[in-house]
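Given next are the chains, with one letter for each unit.
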Amino acid sequence: MNTTVSATVPRASGHITNQTREWIWGYICILPWLLGFLIFTAGPMVFSFYLSFFKADYLTASVFVGLQNYWTMFFDPIEFWMLALRNTAVYAFTSVPINVVLALLIAILLNQKVKGLALWRTIFYLPAVVQGVAVSLLWIWLFHPNYGPISGFLRSIGIQNPPLWIWSEEWAMPAMVIMSTWGVGGSMIIFLAGLQGVPQSLYDAASIDGAGNWGRFRFVTLPMMTPTLFFSVIMGLIGAWQMFSQSYIMTQGGPNNATLTAVLLIYRKAFEQFKLGYASALAWVLFVIILVFSLLVIRSSTAWVYYEGELAK
Amino acid sequence: MDSAKKLNRRQFLRWSALAAGAATLSSCAPKTVEKVVQQTVEVKETVVQEATVVKEATVVQTVDWPKLRWVYNPNTQSQAQTLAALNKFQDDNKIRVEFEPNPGDWGSITQKMLASFAAGDAPDIFIQYGPYVRMCIDKSIVLPYNPFIEKESFDMTQFVQGQIDAGTKNGQIYGFPNYCGIWGTWVNLDLFEQAGVPKPDNDSWDINAYLEAAQKVVKRDSNGNLLQAGTELNNALEFGLSPAIWSYGGEVSDETRTQCRMSEPKAMEALQVCADMVWKYKLTPSAAESAALATAGGWGLFPSGKTGMRDDGSWFFCCNMEAIADKFHYTVIPHWKGPDGKRATFCTTDLWMTNAKTKFPDACWTFLKWIGGPDMNRVRMTYEHLQPAIKSIAPEWVKAATDYAVSLNPKESDLDLQPFIDAYEYARPMFWWACHTAVMEILQPVLDQIYTTGKGTVKDLIPPICEKIDKITC
Numbered sequence: 000m001n002t003t004v005s006a007t008v009p010r011a012s013g014h015i016t017n018q019t020r021e022w023i024w025g026y027i028c029i030l031p032w033l034l035g036f037l038i039f040t041a042g043p044m045v046f047s048f049y050l051s052f053f054k055a056d057y058l059t060a061s062v063f064v065g066l067q068n069y070w071t072m073f074f075d076p077i078e079f080w081m082l083a084l085r086n087t088a089v090y091a092f093t094s095v096p097i098n099v100v101l102a103l104l105i106a107i108l109l110n111q112k113v114k115g116l117a118l119w120r121t122i123f124y125l126p127a128v129v130q131g132v133a134v135s136l137l138w139i140w141l142f143h144p145n146y147g148p149i150s151g152f153l154r155s156i157g158i159q160n161p162p163l164w165i166w167s168e169e170w171a172m173p174a175m176v177i178m179s180t181w182g183v184g185g186s187m188i189i190f191l192a193g194l195q196g197v198p199q200s201l202y203d204a205a206s207i208d209g210a211g212n213w214g215r216f217r218f219v220t221l222p223m224m225t226p227t228l229f230f231s232v233i234m235g236l237i238g239a240w241q242m243f244s245q246s247y248i249m250t251q252g253g254p255n256n257a258t259l260t261a262v263l264l265i266y267r268k269a270f271e272q273f274k275l276g277y278a279s280a281l282a283w284v285l286f287v288i289i290l291v292f293s294l295l296v297i298r299s300s301t302a303w304v305y306y307e308g309e310l311a312k
Numbered sequence: 000m001d002s003a004k005k006l007n008r009r010q011f012l013r014w015s016a017l018a019a020g021a022a023t024l025s026s027c028a029p030k031t032v033e034k035v036v037q038q039t040v041e042v043k044e045t046v047v048q049e050a051t052v053v054k055e056a057t058v059v060q061t062v063d064w065p066k067l068r069w070v071y072n073p074n075t076q077s078q079a080q081t082l083a084a085l086n087k088f089q090d091d092n093k094i095r096v097e098f099e100p101n102p103g104d105w106g107s108i109t110q111k112m113l114a115s116f117a118a119g120d121a122p123d124i125f126i127q128y129g130p131y132v133r134m135c136i137d138k139s140i141v142l143p144y145n146p147f148i149e150k151e152s153f154d155m156t157q158f159v160q161g162q163i164d165a166g167t168k169n170g171q172i173y174g175f176p177n178y179c180g181i182w183g184t185w186v187n188l189d190l191f192e193q194a195g196v197p198k199p200d201n202d203s204w205d206i207n208a209y210l211e212a213a214q215k216v217v218k219r220d221s222n223g224n225l226l227q228a229g230t231e232l233n234n235a236l237e238f239g240l241s242p243a244i245w246s247y248g249g250e251v252s253d254e255t256r257t258q259c260r261m262s263e264p265k266a267m268e269a270l271q272v273c274a275d276m277v278w279k280y281k282l283t284p285s286a287a288e289s290a291a292l293a294t295a296g297g298w299g300l301f302p303s304g305k306t307g308m309r310d311d312g313s314w315f316f317c318c319n320m321e322a323i324a325d326k327f328h329y330t331v332i333p334h335w336k337g338p339d340g341k342r343a344t345f346c347t348t349d350l351w352m353t354n355a356k357t358k359f360p361d362a363c364w365t366f367l368k369w370i371g372g373p374d375m376n377r378v379r380m381t382y383e384h385l386q387p388a389i390k391s392i393a394p395e396w397v398k399a400a401t402d403y404a405v406s407l408n409p410k411e412s413d414l415d416l417q418p419f420i421d422a423y424e425y426a427r428p429m430f431w432w433a434c435h436t437a438v439m440e441i442l443q444p445v446l447d448q449i450y451t452t453g454k455g456t457v458k459d460l461i462p463p464i465c466e467k468i469d470k471i472t473c
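Just so you know, the protein sequences line up as chains A and B, in that order. Number 113 in numbering that gives the first Met the number 0 belongs to position 114 of the first sequence; there are no gaps in the numbering. Number 327 in numbering that gives the first Met the number 0 belongs to position 328 of the second sequence; there are no gaps in the numbering.
Mimicking DSSO-like on lysine-lysine, the simulated pairs with C-alpha atoms at most 30 Å apart in a straight line are:
1) 54/A x 470/B
2) 54/A x 356/B
3) 215/B x 336/B
These aren't lab readings, by the way, just hints derived from the structure by calculation.
Please construct the entire structure, taking both the sequences and the accompanying hints into account.
Spelled out as structure tokens, the structure:
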């Protein structure tokens, strides 16, 4: 055995093997990123976990409070954590399915052989290029009950009193969900790439077996797209649970906390009230929630995600 | 030979890694500024030998001067003037001051400032905004000025009393006035004239006159859509609601600002009148109407000439006069009196504060007297149109502001800014709870229901929220 190893991995000068040398240089090459990750991501994460057991504002001495921060967020009647979680869950579990379905439908449409295809694809992807504050400010106007085009359209089809959207307690969160479709172009591109990877031979075989349009979609397209769907659902859920900028810019969490989301509450606690220990505890609970939902989707994927080349179960 | 010069894969990886490592290490290198100081010290010896090099000698001396870090957010013009004056201050007082601009809105500026304290990198002198003034004092991170004031018998009465009160706790003064914004009412005289409303008389101006004028000016179409507002109420507690409560003879809180008193009858009456202006009389735009008709920049309907009145401060002058120009004729009237004839308003509470850990407290005090003194108040009044905090130079502001308004619209020769000056005597500090952000977290949703969505009433919502506020601790 020793002879084989020395034959396949020749020793370099000194006592370091080429394999070890490669290993060392590999780590040296990724060192800048690794240091950045440890210093700016992993380090603060570990420290925030430690901080979550303290009453800390960093303006005065920190006090160890054990699990009090965690107790407060769930059982103090004056806190809004449960409300924020509920709002965020409503947003995540409505916006993600809507966006995935919409992105898939548009991708299927743009996968057809129609005239000006490149132009259509560009047009549908274009909104995804603009994100963040600019989009929020734009949607404030789109939603305007008197002068916004959405309300104008609703009036034109006979709805004389359209919703007040972000100025209404009932409609503020649905408005946020509708607004989330603005970024559907990003998922659409991924779906489009997935659709173009479906072999034509499978459609041909399905046609020979008598499958119509629906049959080809149901038994060929959909199964072949499940890895892409899986990716989109996971990323969508993680993003949706971290929803912040829309609420912060458009409604400040109002009216009457209707759009108060988990991250907005964490921001308020950390940077407006300087309860850094409490905000850290909130952040860790949110992390666990996102982790649990991600794991649930991953575990469920064995039942519905099909990978090409995988044996049928 | 050529092939010998080419890098193989391993060499490429090695050199790339070395370059990346060098770049990483170089980012940890000492700051350039420190190098400059060393160089300057080296030059010192040369200068001693060649005393004729006066310019270099001046630079050398600054090494021994106290060095202060100062954070501020003036506008561009004001910044240029301030920095020009700062050079003279430094030479005259032998104090080095490093100016650090702090761009952003007031909320983010103050949050960044507190974050710098948390990070142990706070400046020596900085401006702090209302709710965080109290937080800085409570956390003992700022210096009291009483020892300096007493040592020099410095005359603090030259400033507006409300501003001194805002930065005072247990007799200790922690805030040094910057400028003094006063809350009042801006009036579109053209719309008043069209509606047959005479120019208001300052002395008799009360809530009834205010409502009556607004009712005459407001215009809605047959569907109830707002065409022109009677008035523009600011229903934020610290802006529109607190002076209304005070004018009705009520109080927002007790003296400690921890116990809610908004559930007392007079305060409730004031809050209800404000709600009626939105929902019952429809004199002031709802939140959605305001968003539709307002001009950009968050200054509401007034600059676009779509409201008869707007409750706002003297700082409104800073950013709207050019937009209004000669579109309409306007003036200012004091905040309305309540039913019992009481008039109340507030002054702003943005104050200069000093880091308790400064190494140079005496230099800070010298700098404060300069930055809060008459000359720098004049810079702010000239280039930012901000009302001065020093009472004696207020007439200069009136003249400068009026001249500016007249340059844009000759009709403004009768602009009456005196209500803002008169209010120096009775203006209270802008209202902030002791635990302001924590209280507003539960109070704002209630105010939303009363004033934004109209789904709740003062009678139903204020008493229970007051009970909750009383239990809040920071």
